[in-house]
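Novice: Mind docking chain B on chain A? Use the hints.
Residue numbers (my numbering), protein chains in the order written: chain A, 1 to 278; chain B, 279 to 556.
No lab work stands behind these hints: they were computed from the structure.
Treat the hints with care, since some could be wrong.
What the hints assert, rightly or not - Computed from the model, here is a short list of chain B residues facing chain A with C-beta under 7 angstroms:
1) F342
2) K346
3) E383
4) L403
5) R442
6) R444
C-beta atoms are modelled at their ideal positions from N, C-alpha and C, and glycine is treated no differently.
2 protein chains.
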Amino acid sequence: MEIILYGKPVAEELDKNSKKVFDEFKSSNKRNPKLTAITVGEDPASLLYVSRKEEKANDLGVEFNWIKLPEKTSQNDLDSQIKEIIKESDGIIVQLPLPRHIHAEQTINMIPNNLDVDGLTALNLGNLYSDNYKIIPATSLAILELIKYYNIDTNDKNIVIAGRSRLVSSPLAKILSSKKYNANVSVIHSRTTNQKSFTLNADIFISAIGKPKNYDISFLKENSVVIDIGISSVDSQTYGDIDTSNLENHLLSRSPYPGGVGPITVSALYSNLAKLIS
Amino acid sequence: MEIILYGKPVAEELDKNSKKVFDEFKSSNKRNPKLTAITVGEDPASLLYVSRKEEKANDLGVEFNWIKLPEKTSQNDLDSQIKEIIKESDGIIVQLPLPRHIHAEQTINMIPNNLDVDGLTALNLGNLYSDNYKIIPATSLAILELIKYYNIDTNDKNIVIAGRSRLVSSPLAKILSSKKYNANVSVIHSRTTNQKSFTLNADIFISAIGKPKNYDISFLKENSVVIDIGISSVDSQTYGDIDTSNLENHLLSRSPYPGGVGPITVSALYSNLAKLIS
Chain A
1 MEIILYGKPV AEELDKNSKK VFDEFKSSNK RNPKLTAITV GEDPASLLYV
51 SRKEEKANDL GVEFNWIKLP EKTSQNDLDS QIKEIIKESD GIIVQLPLPR
101 HIHAEQTINM IPNNLDVDGL TALNLGNLYS DNYKIIPATS LAILELIKYY
151 NIDTNDKNIV IAGRSRLVSS PLAKILSSKK YNANVSVIHS RTTNQKSFTL
201 NADIFISAIG KPKNYDISFL KENSVVIDIG ISSVDSQTYG DIDTSNLENH
251 LLSRSPYPGG VGPITVSALY SNLAKLIS
Chain B
279 MEIILYGKPV AEELDKNSKK VFDEFKSSNK RNPKLTAITV GEDPASLLYV
329 SRKEEKANDL GVEFNWIKLP EKTSQNDLDS QIKEIIKESD GIIVQLPLPR
379 HIHAEQTINM IPNNLDVDGL TALNLGNLYS DNYKIIPATS LAILELIKYY
429 NIDTNDKNIV IAGRSRLVSS PLAKILSSKK YNANVSVIHS RTTNQKSFTL
479 NADIFISAIG KPKNYDISFL KENSVVIDIG ISSVDSQTYG DIDTSNLENH
529 LLSRSPYPGG VGPITVSALY SNLAKLIS
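Looking at chain A on its own, in the form it has when it is part of the complex (with noise of 0.2 angstroms):
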C-alpha cells in the first residue's frame, strides 16, 4: 500500500521546536523575537504567502512586522527601508517576485547572513559548498525535513531532480549529494528531451516544474519515492506537478498535493529564524 507523505506532522514537529527557541528567546530578552516581511506591489499569490506566514507568526509567538510598498516604490526608497528594518528586526524575508523595475538579487543581498531567514542570499547559497552551512533555503529545508521525518534513505539512491530554479532545485541537488545525504543526484529541466530515461531510474524523483500533472504513470519508477514540490494554475484551480491517477500501489510513497510539502514550506522558515536567534 503506498504511503502518503503529509506535510502536516513534519510542519509541527518543526513548530514545537522552534516554539521551544522562540519561547526562550522571550524570556531571556523580555520581548518576542521579529520578523520583517517586505512586499512590493499587489501580487495576489504573494499577499497570500505572506499573509500564512503571518498566521503561523501569531501562532508561535513572534512578532510579524508587514511592510507593504505600493508597486512603484523605487529602488532607492526599498533598499532605505531595507536598512532601517535591519536595524529592529530578528529577521528579514522580502517575498518574491518583485516588480521588474527591482533588482532582485541586488535587493535579496542586502539582508544581513544573520538575518536571512529565507536563506537566499548569495553568501549564505555559498555557504552551501562547504560542510558547515547553518540555514538552508526554506523550501530546500521543507524537502530534507519532509525526507528525514518519513526516514527515507537517501544513501546511494538515485535521486533525479527535475527542474533547475535558482532558489530550490539547484541547492538541494548540491545537500542531497553531499556526504550526509549521499544520493546520486542527476537534474533534468525542460530542454531534457529523453525524459524517461532518468525518471524510471529514479529512487526518489523530486519535481519542481510547476507544469499541471506533467508526469504520470508512466514516467515513475515502481516502488519509488516521488515528491512533488510543482504548483501551478490553470482556470484559478493549482494543481501539482504529478498525475496521480492510476497511481494505486505502483509507488512506495508519495507526497500529496495540496498536503505535502506546501505546509511544510512555512514552517521551515520559522525553522530558520530559530536557528539564527538561537
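Specialist: What follows is chain B alone, placed relative to chain A:
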C-alpha cells in the same frame, strides 16, 4: 580516430586575451597588475603550483607577490597579513591546503569579491546560483574553456561528473546544468555502488576523483567525450583518473593526462584576474 583534447592551445588562447587586458591596464595605470599569493608551510605540491603561477605571471606582465609564511603562522597573523595585502593587490590567492590549525574557509572568505581570482569565497560561489556570475572557480573555468575551445556540444547531453568536491565538481555541476549549457548533469561519488549505470550513459564523462587509473574502457560509453581532471600520485609518479589502455578509437575525444586540463587551470586564474581588473 579519437581526438585528443590538449590543454595547451586552450591555455594559449586564454593567455593571449588576458595579456591584452594586462597591457591595457599597464598603459592606463603606469604599473603592472599585482597578484599576491600566500602560502603557509612547505607542502611541496603547493609550492610547485604557486611557482607555476609565478612563471605565468612573468610571461603575462603581472607583478607576482609571493608571501611565504611559516607552517606555524597563527590565524591572527595570517588574518593581519591578508588585511595588509588587500590594500595593495589586484588579486589574491590563498593557496590550499592550509595547515590544520588554520580555518581554511574563514581565511578564504576574507578575500574581497573583487580580488577573488580563485573564485572560492562563499560570496562568489553563491553568485554562481544567479545567472549573472562573473568569476568561475579556476578549475571549473578551465574545463568550461576546454569544452568551448573544442566545440563540445553540451545541450541535452548526459554529463556525469565523478567526485563532489567543494571546489571543482559542485560548481561545475551547477553551471553545466544552467541555461547556458543545458546539460543533464549527474554527480556520482565514492559511495555510488553502481557507477557503470551512470558512466556508460554519459555522453560526456568528467572525472575528478583523484584515484590512479580508476576508470578503464569498461566504464566508458562508445563515442563519448572524457575529461580527466583527477591527479593522484603513487611512488612519486602521478596519474590521471582514466586508464587509457586499449582505448584506441573507443571514444570520440578525451583530454590526456598530463597535458589536458592542468595547463589550462593556471591560465584560467589569470583570465579571472583579467575579468576582475577590467
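Novice: The structure should be examined with respect to each hint, and the outcome stated for every one.
Specialist: Going down the list of hints, with the structure as the test:
1. F342: violated, 27 angstroms
2. K346: violated, 26 angstroms
3. E383: holds, 5 angstroms
4. L403: holds, 4 angstroms
5. R442: With Cβ-Cβ at 5 angstroms, under 7 angstroms, it holds.
6. R444: At about 5 angstroms, which falls below the 7 angstroms cut-off, the nearest Cβ of chain A leaves the hint on R444 of chain B intact, so it holds.
In this structure, the earlier hints numbered 1, 2 are contradicted, and the remaining ones agree with it.
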